[in-house]
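Number of protein chains: 2
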Amino acid sequence: MNILIVYAHPEPRSLNGSLKNFSMAVLERAGHRVQVSDLYAMQWKATADAGDFLEHEPETRLRYPAASGEAFANGTQAPEIAAEQAKLVWADVVIFQFPLWWFSMPAILKGWVDRVFAAGFAYNVGEHTPHRYGDRYGEGTLEGKRAMVIMTVGGREAHYGPRGIDGPIEDLLFPIQHGIFFYPGMTVLPPFVVYSADRLKPEGYTAIEAALEQRLVTLATTEPVAYRVQNHGDYEMPGLALKVGLEGKTQGFAMHTRDSSPCIDEPAS
Amino acid sequence: MNILIVYAHPEPRSLNGSLKNFSMAVLERAGHRVQVSDLYAMQWKATADAGDFLEHEPETRLRYPAASGEAFANGTQAPEIAAEQAKLVWADVVIFQFPLWWFSMPAILKGWVDRVFAAGFAYNVGEHTPHRYGDRYGEGTLEGKRAMVIMTVGGREAHYGPRGIDGPIEDLLFPIQHGIFFYPGMTVLPPFVVYSADRLKPEGYTAIEAALEQRLVTLATTEPVAYRVQNHGDYEMPGLALKVGLEGKTQGFAMHTRDSSPCIDEPAS
Chain A
0 MNILIVYAHP EPRSLNGSLK NFSMAVLERA GHRVQVSDLY AMQWKATADA
50 GDFLEHEPET RLRYPAASGE AFANGTQAPE IAAEQAKLVW ADVVIFQFPL
100 WWFSMPAILK GWVDRVFAAG FAYNVGEHTP HRYGDRYGEG TLEGKRAMVI
150 MTVGGREAHY GPRGIDGPIE DLLFPIQHGI FFYPGMTVLP PFVVYSADRL
200 KPEGYTAIEA ALEQRLVTLA TTEPVAYRVQ NHGDYEMPGL ALKVGLEGKT
250 QGFAMHTRDS SPCIDEPAS
Chain B
0 MNILIVYAHP EPRSLNGSLK NFSMAVLERA GHRVQVSDLY AMQWKATADA
50 GDFLEHEPET RLRYPAASGE AFANGTQAPE IAAEQAKLVW ADVVIFQFPL
100 WWFSMPAILK GWVDRVFAAG FAYNVGEHTP HRYGDRYGEG TLEGKRAMVI
150 MTVGGREAHY GPRGIDGPIE DLLFPIQHGI FFYPGMTVLP PFVVYSADRL
200 KPEGYTAIEA ALEQRLVTLA TTEPVAYRVQ NHGDYEMPGL ALKVGLEGKT
250 QGFAMHTRDS SPCIDEPAS
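These protein sequences, in sequence, are chains A and B.
Going by numbering that gives the first Met the number 0, the residue at position 244 of the first sequence is 243; the numbering climbs one at a time, nothing skipped.
Going by numbering that gives the first Met the number 0, the residue at position 243 of the second sequence is 242; the numbering climbs one at a time, nothing skipped.
Bound conformation, chain A alone (with noise of 0.2 Å):
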């Protein structure tokens, strides 16, 4: 498979350094093709703003979605936004590393997000009507494409439990995974978390490494979080709102999920 992971850490000798590069030679000894965005590396421009359009005029206000929908149409966007692109296009899998800062993903990152997923290619896809708000949640350009989180979080496990006070981790990354990788179509794998970072000891590391293995020799069989597609019948048109009864005894992100059943975008196996 091609698989693609979107890093983000400022100092290489960090433990999302070496996780980097053993999911790397992890990979590319499995016979995979991976191509890395390691954005500090890169010196990625995370602001979003009209530089990212080649033919933006300054004295025209800019309308940041409207001006991405016409530079992905017209190939007038920033360069390194289009290789971007090039690369989620290729890639069977999409990998984001980062360590959770402030229960969201680094700023570098998130203007990863913002400039690459542009209007027309991650969003605005689709038929848009009264009967059809467009090919989103599971459906979409990178349809068909598995992705997954590989984090790192300071905060202890018990922390980010079901009860824990700085929230489940599965709805803070709710935004990440439903809002970000399931929007555009991709299919979410559970993420891979390593609580505890900065406390972590020399010994506790290869065990993190086993773990991350076999995460990685698993990523085209593992079950997906079993979001519901917008257009399969779940959701009451125009307002989208999911329908009555379907939620069981769930409230909030969770009634987004499909509790029982098997994967989305997979074939029964």
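Derived by calculation from the structure, the hints in this document are not laboratory data.
Be aware that one or more of the hints could be misleading.
[To be verified] Derived, one-sided and incomplete: chain B residues facing chain A with beta-carbon distance under 10 Å:
1. R12
2. R32
3. Y39
4. W43
5. L61
6. A65
7. W100
8. A121
9. G125
10. R155
11. P174
12. G178
13. Y182
14. S195
15. P237
[Unchecked claim] One side only, chain B facing chain A, incomplete, derived with CB under 8 Å:
16. E10
17. A45
18. G119
19. G238
By construction, the Cβ of each residue, glycine as well, lies at the ideal position given by its N, Cα and C atoms.
Keeping the supplied structure of chain A fixed, place chain B upon it in accordance with the hints.
Relative to chain A, chain B alone:
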């Protein structure tokens, strides 16, 4: 009161730009002092890296949290970081104003948080023992200040309702309101959200200004979101799981809000 608006939009001639100017005028007319950190105008560096610490030596492995704590303690932070911290200390009310991009803040604003919310300032504050896990979630350096999101959203309000496909807006804002505002001690006011911002007609704008003005003139008296203070007895130690039974009928993020309680940091009126 002293009011800090941290503002992130690339286009001054935008709905966000107009609302920011309107807020400044309303607040100043009401006798408040207002500072605006206009991150795009300031060309704020979004990316947290070794350049944030004046005395970091390139040959030393960068551990961002530790380096941040040291630089904060020693007065060797990049001057623009210290300047933003001083604004936070000065403020009685902190407003984040931004367009919702990919279910979170624009990267430039996330990068303001990543860099300004230093160790020793916004986290790693207070006693860390088996009996107490720091001053955070309702306590800390920014305790007593009020914080609020003013946000535009391209999508429709129904999509962000309790059953909406994008997820409930209060859950999408939890990582910001609970994880960024409440964590270092700020009291959180309900957000002011403008939906369908890309489809706004001129005749709709006046009503938005009127609703925003109502929120701005009641900043001091608006009932806050009732997030649970970490050290007030609702959480088990050392795991910081919410004590069984306190969640009522809620799950996920919602259990960290006391449902029918009076406000958190205000005296009973």
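Let's test the interface hint: is any C-beta of chain A closer than 10 Å to that of B:A65? Hint holds; B:A65 Cβ to chain A Cβ min 8 Å, cut 10 Å.
Hint check: is the beta carbon of B:E10 less than 8 Å from a beta carbon of chain A? 4 Å, holds
Is the shortest C-beta separation between B:L61 and chain A less than 10 Å? 4 Å, holds
Hint validity - B:R32 Cβ closer than 10 Å to any chain A Cβ: 27 Å, violated
Restraint satisfaction for B:G238 [CB to CB of chain A, less than 8 Å]: 4 Å, holds
So, B:P237 near chain A? Judge it on the closest CB pair being under 10 Å. 8 Å, holds
Hint check, B:Y182 versus chain A [nearest Cβ-Cβ separation less than 10 Å]: Holds: closest Cβ of chain A sits about 8 Å from B:Y182, inside 10 Å.
Hint check: is the beta carbon of B:G125 less than 10 Å from a beta carbon of chain A? B:G125 check fails; min Cβ-Cβ to chain A is 15 Å, beyond 10 Å.
Would you check whether B:Y39 satisfies its interface hint, that is, whether its CB is within less than 10 Å of any CB in chain A? Holds: closest Cβ of chain A sits about 7 Å from B:Y39, inside 10 Å.
Under 8 Å is the threshold here; is the Cβ of B:G119 close enough to any Cβ of chain A for the hint to stand? Not OK, violated: B:G119 not within 8 Å of chain A, min 14 Å.
Have a go at the B:P174 hint: is there a Cβ in chain A nearer than 10 Å to its own Cβ? 4 Å, holds
Interface hint check: B:S195, Cβ to nearest Cβ on chain A, cutoff 10 Å. Holds or violated? 13 Å, violated
When the structure is compared with the earlier hints, violations turn up for hints 2, 9, 14, 18 and for no others.
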